[in-house]
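Q: Sequence:
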Amino acid sequence: MGILNVTPDSFSDGGKYLDAQHAVDHALHMVEDGADIIDVGGESTRPKGVYGEGAEAVAPTEEIRRVTPVIEMIAKKSDIPISIDTYKSDVADAALHAGAVIVNDISGLKFDPHMAETAAQHGATLIAMHIKGTPKTMQQHPVYENLLQEIKNYLSESISAAHAAGIEQVIVDPGIGFGKTTEHNLTLLRSLHALKELGCPILVGPSRKGFLGNVLQLPVDQRVEGTAAAIAVSIVNGANIVRVHDVKEMKRVAMVTDAICRAV
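The opening position of the sequence shown corresponds to residue 3 in the numbering used here, with each subsequent residue numbered one higher.
No false leads were mixed into what you were given.
Beta-carbon label-pair distances, calculated as ranges:
1) D35 to K198: 22 to 30 Å
2) Q171 to P115: 16 to 24 Å
3) G168 to P221: 42 to 50 Å
4) P115 to K198: 22 to 30 Å
5) N216 to Q123: 37 to 45 Å
6) Q23 to E159: 39 to 47 Å
7) E34 to C263: 22 to 30 Å
8) Q219 to Y146: 22 to 30 Å
9) T189 to G135: 14 to 22 Å
10) Q123 to E227: 41 to 49 Å
To be clear, the hints were calculated from the coordinates, so they are not data collected in a lab.
Here a beta-carbon is modelled for each residue, glycine too, at the ideal position from N, C-alpha and C.
Please take these sequences and the hints and turn them into a complete structure.
A: Below, the structure is given as structure tokens:
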């Protein structure tokens, strides 16, 4: 899954793809590099901390203005599946009308009571992610009594809500960096196979994130190798989809890791 942020303030690539044509060109470049899905986002969810005060909420109308032209243009030029990265049902509805087929909800259906119904009406696949708190508060001393069990319980509720609404395909995401310390993130990647009990494909998004910076003591633009290590471990431990910025490099990592795992 290639990341396409049409935002001014995302932690890694904010401001790079605000122009719709530039964003579409980048999406098509990611397709050439081996992306299987393009994930389009119109609102940053970066946490408070090294990136400043954290992301500001964006009105649904502005988010729709940012993402729908890009989705429409990608859909006309490629048959690649498009995901809309939003927790707002109005934005999801507009994006699905524009050509998206997947809803990537960082709240796992918890922030908007109409999201499940909206996704179901379009026959969309749902990616349900775990988050502790909100993007504004999630990195303010997150504490768990039982990290894996709490995340499994949260995602199990999301799966049940999705199925009750009529959503057939659900993918789960443990939410690397969303209300987790560096040690929490490392534990999740180490123990990812535990999420297989939920019976859904697993998506993981460690790309360029802060825990890699903490391990390596490197800024966001120097975390490709750290991302590669996290991607390889994720695949070994059961990830079915990896969400990345550096598609060409991580596609190669995935291909070699898959080849090794198949040979075992």
